[in-house]
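Number of protein chains: 4
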Amino acid sequence: MGSFKGHALPGSFLFIMGVWWSTKSILKYVCKKQKRTCYLGSKALFRWIEILEGIILVLMALTGMLGEQFISGGPYLILYKEGQWNQLIRWHHCTMYFFFGLLGVANILCFTISSLPVSLPKLMFSNALFVETFIFQNHTHGREMLDVFVHQLLALISFLAGLLVFIEFFTRNNVLLELLRSSLILLQGSWFWQVGFVLYPPSGSPAWDLTDHDNIMFLTICFCWHYALAYIIIGVNYAFVTWFVKSRLRRLCSSEIGLLKNAEREHESEEEM
Amino acid sequence: MGSFKGHALPGSFLFIMGVWWSTKSILKYVCKKQKRTCYLGSKALFRWIEILEGIILVLMALTGMLGEQFISGGPYLILYKEGQWNQLIRWHHCTMYFFFGLLGVANILCFTISSLPVSLPKLMFSNALFVETFIFQNHTHGREMLDVFVHQLLALISFLAGLLVFIEFFTRNNVLLELLRSSLILLQGSWFWQVGFVLYPPSGSPAWDLTDHDNIMFLTICFCWHYALAYIIIGVNYAFVTWFVKSRLRRLCSSEIGLLKNAEREHESEEEM
Amino acid sequence: MGSFKGHALPGSFLFIMGVWWSTKSILKYVCKKQKRTCYLGSKALFRWIEILEGIILVLMALTGMLGEQFISGGPYLILYKEGQWNQLIRWHHCTMYFFFGLLGVANILCFTISSLPVSLPKLMFSNALFVETFIFQNHTHGREMLDVFVHQLLALISFLAGLLVFIEFFTRNNVLLELLRSSLILLQGSWFWQVGFVLYPPSGSPAWDLTDHDNIMFLTICFCWHYALAYIIIGVNYAFVTWFVKSRLRRLCSSEIGLLKNAEREHESEEEM
Amino acid sequence: MGSFKGHALPGSFLFIMGVWWSTKSILKYVCKKQKRTCYLGSKALFRWIEILEGIILVLMALTGMLGEQFISGGPYLILYKEGQWNQLIRWHHCTMYFFFGLLGVANILCFTISSLPVSLPKLMFSNALFVETFIFQNHTHGREMLDVFVHQLLALISFLAGLLVFIEFFTRNNVLLELLRSSLILLQGSWFWQVGFVLYPPSGSPAWDLTDHDNIMFLTICFCWHYALAYIIIGVNYAFVTWFVKSRLRRLCSSEIGLLKNAEREHESEEEM
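Chains as they are written, first to last, in my numbering: chain A, 1 to 273; chain B, 1 to 273; chain C, 1 to 273; chain D, 1 to 273.
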C-alpha cells in the first residue's frame, strides 16, 4: 500500500475471494434445492475444496506480507530503527494480512483434524474482519480529510462484514446472509481499487483535491454505486450458476430421477411461501 | 428535494407505503387469527398483490429519479461539468430512489421466479434503508445546524427501520415487529413533510432560524409527536381492519363455520397468555 | 423538573415501579418453580393485576404531565408565546410522561381486548424508554458539563433498559432478564433523586461546582454504587419473596401436595443444571 | 494502579482466570465429545470446582481492593477530605474490583442454593465487565493522549467480553464463544501488563512520549499481536487438553467402552459437518 499497486493487490484478492464465496454459496443452495448432491455434494470433494481455499488464503496473506516488507523500500522486518518506529503503516498492513492468513490456517486445520469445532473458520473470519476494522480506525492519524474518509468507509464495510460473519456463526446455511456478506467483500475489493485511483492516480493524472467537500459528496454515492455493482455481479452469478446446474447436470444425472425431483422441488417452494 | 415539493414527494410515497404495509400486516394477522383464509389468503391473489406492490415501488422510484434529474434545473444526467461536480445533492437523492427501486425489482422477481429465496425482498428493503441512512449521514457537510439536525433524524429512523427489517428477516410473521417498522416508515413520511415546512416554508412565510437552539428543542418533541401520530394511525387502522374482517367477511363465509372458529379463537388466545 | 421536586417525582415513580416489577417477576418465577399456581397464578387475578398496573401507570403519567404544565409557573398548555417557544424543557418532560402513559393504555387495552397481541405492552414499554433516551439526548443543549453528564447517564440507562425490554419481547419468561431490567429501572429511579440532590440541593446547601472534573469522576463511581444498591434491593426482595411463598403458602395449600411438589422441584432443579 | 505493580496485579489476575476459563471450556467440550463423563463430569465435583472458583474470585477482588485502599498512600477508606475528593482514581479501581467480587459471590450462591437460576453468574460476569467499561470510559478526563488511548482499548475489550458473556447467557454450551471470551480476557490480562510497561516503565528506563502519534500507531498493532498471542495460548491449551484427555483417561476408563465410544464419536463428527 502507500501506492496504487499496494491498494490494487488486496483489492484483487478480496474481489476474487468475494466472487468465489458467492459462487460457493449459490452452488450449495441450488444443489440443495435440486437435491442433486450426486456430484458436487460429495463430502470428500467438499472437504478438499475447503482445504484448497485455506491454502490459497495463506498464500495470498504471505504474498501480501512479503510484498509489504520487502518491495520498494519496505521495512525489511526492522521495527525500531535509529530511535524511532520504522514504517509503521506497512507493519499495519502486514498485521491485517496476518489475520487473514490465520483464517486460512483455521480452514486447513478444521477440515483436516476432525475433532475441531466446524464453525471455527467462521469465527476466525469474523475476527480477521474486526481486526481489519480496528486497524483502519487507527490508521489515519493526521492525514487529509478525503484520505480519512475513504479509509473509514473501508473500516465500515469490514465491520459490517465481520458482523454478518458473526451472525452466520449462529445461523448456518442461510444463503442470503452468505450472499450479503459476499457482496460486502466484493464491495471492499472494488473500493480498494477506487481508493487506489483516488489517492495514487496511475498514469500521471493529477491527484484529487483531498480537502474538497464535493469530492466526499461524490465518493459517498460512488460507494453506493460500487455496492449496486456488487449486487449485479452476484445476480449474474446466481443466474449463471442456476442455469449451469440445471442444464449441464441434468444430462449427467439420470433424467428420470431429475424429473421426479423437479416435481418435489416445486412442491417444496410452494410450502416455503 | 432542495424545495418544498422535493420533500413532499418522498414524504407522500413513504406515507402511502407505510399505511399500505401496516394494513397488509394487520390483514394477514387478523385473517390468520380468524382462520378465514377462504377469500383473502388465497396464494395466487397474495402473489399478485406482492407483484403489484413491486411495480408500484419501481414506478415511485422512477418518478423520483426523473423528477430529480429533469425538473426545475436538474443535472440532466450530467455528473461532471466544467471542472466540478454537477449538483451532487440531486444525484444523492437519485441514488436513494434507485435502491428503493431495486427493492421493487426484488419483489417482482421473487414472486415471479420461484427458485429465488423468499426473504430476498426483506434483505433488499433493509439494504435500501441502510443506504438511505448512509447517504443522509454524508449529505449535509457544511450546512446549518437545524438543517443537519432534521436530516440526522431522518438518518436515525431509516437506520432503525433498516434494523427492524433485518430482524424481520430472521423472525418472520411477527405482526408487532411489522407494525413497528410500518410506524417508523409512517414517521419518516410525515417527517419529510415537516422538514419541507421547516426548511422551505410554502406560501411565502418567513424561514425558520436555522441556528436557534430552541428550534432544535422544539423539533425534538415535534418528532416524538409525529411518532405518537403514527401510533394513532396504526391503532385506528387496526381497529378498522379488525371490524371490517369481522363484520363483512362474516356474511360471506358460512356462518356456522364462523361460530365454530370463533370458539376456537377464544380458546387459542387464552393459551397464548 | 427544573427543581428538586421535579426530579424527585419521576424518581419515586420509577423506583416504585422497579420494586413492583421485580416483585412480580420473582413471584411468577418462584410460583412456577414450586408449581403452586393454586392461589396466585389464577388467570383472572393475574389479568386484574395487569389492568391495575396499567391504570396506575396512566395516573402517574397524568400526575407528571399536569404537574409540569400547571405547577409553579408552568407553560399552561401554551406552546408558542410572544414570538418564541414557551418553556420547552417542561414540554420535553410532558412528552416523556405521555409515552409512559401510552404504555399504561397499552397494558389496559391488551388485557381487556383479547384479540390484541399479548406482547404489545412490551413493545410500548421499549418505545417509551427509547423516546426517553432520545429526548434526554437532545435535552441539554448549551448547559453545564456536569448537568450534561448526569442527564447522559439517564439516557444511557433508559437506552439499556429499552434494549432489554426489546430482547424480552423475543424471549419471554426469562426471569433474569426481567430482573436485570428492573434493576435498571430502580437505578434510574434512585439516579433521578441523585440528580435532584446534585443540581438543586434542597435545604439551601451550596450547589455543586458544575465544571469540576473531580465531580464527574465521583459521580461515575456513585452511579456504580447506586447500581450495586439496586442489586441488593433485588436480592433482598428475592430472598423475602422466596421465603414468603415457601412459608406462608405452604399452610394454605394442602400439605400433602406440597411435599409431593417439593420432591418434584428438587428433581427439576437437578435436571436444569 | 497508578504504578507498575497496580497494573501488573489485575493483569495477572485476569491472565490466570483467562487460562483457567479456557481450560475449563475445552475440558468440558472434549469430555462431552468423548462421552467420558465417568471421572470429570460428575456433578458433585463440578459443583465444588465452581464454588472454589467463586472463592478465588472473591479473594482476588479483596486483595485488589485492600491493595488500592491501604498500600503506598492509598485513601484509607476516606472519600472526602479537606473540601475535595480523596484519590478518586483508586476508588474507581476499588469499584471495579468490587463488581468482580460480586461475580464471585454470585458463583458461590448459585451453586450452593439450588433455587437460584443457573445463569446468574453469567449475568453478573457480563455486568462486571460492562461496569468496568463504563468506569474506564470516564477514567481519563484530562490525561495525555497515549494514556487515554491505552485505557480506551481496555474499555473496548472489556465491552466486547461483556457482550460475549451476554450472548453466552442466551446460547449456553457453545465452546467457541466461551473460548473467544477467554481469549479477550487473556488479551485484557496481557494488555494490563503492556499498559504498565508503557506508562510506568520499571527498572528506571525513560517513559514513553505520551503525545507521539507514532506510539499510538505502534500500540495499535501491538494490541493485535497480543491478541494473536492469546490465540496461540488457547490453541496450545486446546492441543494439550485434548491430548491429555485422550491419552491419560483412556487408561482409566475401561478400554472396551472407550473403543465403542470412539466409533460413535467419529460417526457424530461426520454428521456435524
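Everything labelled a hint here was simulated from the structure, so no lab data went into it.
It should be emphasised that the depicted structure is a prediction, and the values quoted were computed from it without experimental measurement.
Using N, Cα and C, we set each Cβ at its ideal position, and we do this for glycine too.
Any given hint could turn out to be false.
[Unchecked claim] Output of the computed footprint for chain D on chain A, the stretches with three or more beta carbons under 8 angstroms from beta carbons of chain D:
1. 87-95
2. 98-105
3. 131-141
4. 233-245
Tested hints:
no. : hint    : verdict
1   : 87-95   : holds (count 5)
2   : 98-105  : holds (count 3)
3   : 131-141 : holds (count 6)
4   : 233-245 : violated (count 0)
In this structure, the one hint that does not hold is number 4.
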